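Asker: Keeping their order, the protein sequence lines are chains F and W. According to this note's numbering, the first sequence is numbered sequentially starting from 1. According to this note's numbering, the second sequence is numbered sequentially starting from 1.
Heads up, some of the hints might be wrong.
[What the hints assert, rightly or not] Short derived list, chain F residues pointing at chain W, Cβ under 10 angstroms: (1) Ala74; (2) Ala179; (3) Ala185.
Source of the hints: derived by calculation from the structure; they are not laboratory data. Note that this is a predicted model, so its numbers are computed, not measured. Even glycine gets a Cβ: it sits at the ideal position worked out from N, Cα and C.
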Amino acid sequence: MFDIAPTFRPVTTETPVARWVLTGLAVAGIAVLVAAPLIAVFAEALAKGIGAAVASLGNRDALSAIKLTLLIAAISVPLNAAFGIAAAWFITKFDFRGKAFLITLIDLPFSVSPVVAGLCIVLMFGANSLAGGWLVAQGYPIVFALPGIVIATMFVTFPFVARELIPVMIEQGRAEEEAALTLGASGWRVFWTVTLPNIRWALLYGVLLCNARAMGEFGAVAVVSGKIRGQTATMPITIEMLYNEYLSVAAFSMAAVLTLLALVTLLLKTALEVRHADALAANHRH
Amino acid sequence: MRIEIDEISKQFGVTAALHPVSLAIPSGALVALLGPSGSGKTTLLRILGGLEFPTSGRVLFDGQDATGLTVQDRRAGFVFQSYALFRHMTVFDNIAYGLAARPRASRPPKAEITRRVTKLLELIQLPDIGSRFPSQLSGGQRQRVALARALAIEPRMLLLDEPFGALDAKVRKELRQGLRDIHDETGLTTVFVTHDQEEAMELADLVVVMSMGRIEQIGKPQDIRARPASAFVQSFISA
């Protein structure tokens, strides 16, 4: 055993200098592109003290924006999780013609500009459209109201869950589901006891990404919301409006809150990963 | 249970996986479906288990038409090629799955489930592994757990897809005997798929040689050896 030891070589063959340069580049990139802007946001928010920052968040319009953003995420994320699971299930567990086309269709929101998506929704549901006109007459406007914002958000965030699930479900195959069926379980029971536990980590990632984007979406929401302060202005819209009015403490305070919401999501994900490291490893080892 | 396969065919799109084939399996037999890959043997097994439905023809269980019977209603104990154990469940929960999945009226009480799982673990000679996860088992142990899980539902027949395919030669020999013992003890009609002629000849009462979606020969191992019905059978069993 000992006499073969000297023949071992390090797996990487780069010189120490090259390694330091590469590591340095990576760290510098993260510092400049990620860390610095984050710090800048908080620095600007607190430029006139924490009191001014908190006060700017306390007014009616700011609170309304925060509430609206959380409400939109609370509606659109569970719906997209359900649709994403359904789509991934359908695509991976059944063979049918046009599968590739359906996958492309699921990806469509990634390739269409959110502004275009917003315009499409206005065209379909605006007061001048057939459906929209009727709904407005009934007292249920879609555009410039909550339903429009939810639809826009759901359109933009639709791919996240399905995209996370499809590769995992393809890799796992159908054998476990088939085994459960032969053991007498109904399709519904198979889903809850076999499929869902097997995809829970991918599902969690998908939901977290979907949530982050749902809270941060700007373009599509800007078009369909009408940007009515205190009514249809979400957090990103409010940040833009405040910034355009040179209310930089208020704008950056709101931006800091939005950033914190995103950081909480990330922390949650990391905490879950640490806590369930064994289960994760077991899932991949198999 | 007696199984009859009456002129079963299966098309996948334009390709025919099975040309009309017929086969009668007597109750309590241990049957091997033997053939190279692409011979249609796994398709036939999956049709028996209700995981695949034939394009034409009928399946009869004890003379009753079972062609349209759902996979759940067939009560076929199925052992999959890579065992398909539920990776997030313990061995105990894997074996208990079929019992716990029964509708409330026919579901045994918890204590009874525990008793039966314990008995099955003894039957496969792995009494102490109930709390382990599939990823912590060897290939041979996984195969036996898959067998116990299939037996737990008190199946009417046992269907096994390449049950020894993923194992090394020594374990394979042991488990062959294990399957023979379990078959003799339970008296279940058992059908297994294999591409290994030695395995089929050694283990089965009745060997069905298949090629290109057709049955080439049906017979006892010694008869097939003595009188191969076609050039294909001749070359396949001497390989």
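Asker: Each hint: holds or not?
Answerer: Status of the hints after comparison with the structure:
Checking alanine 74 of chain F against chain W: minimum C-beta separation of about 28 angstroms lies over 10 angstroms; hint violated. About 4 angstroms separates the beta-carbon of alanine 179 of chain F from the nearest beta-carbon of chain W, less than 10 angstroms, and the hint is met. A least Cβ separation of about 4 angstroms between alanine 185 of chain F and chain W falls short of the 10 angstroms threshold, and the interface hint therefore holds.
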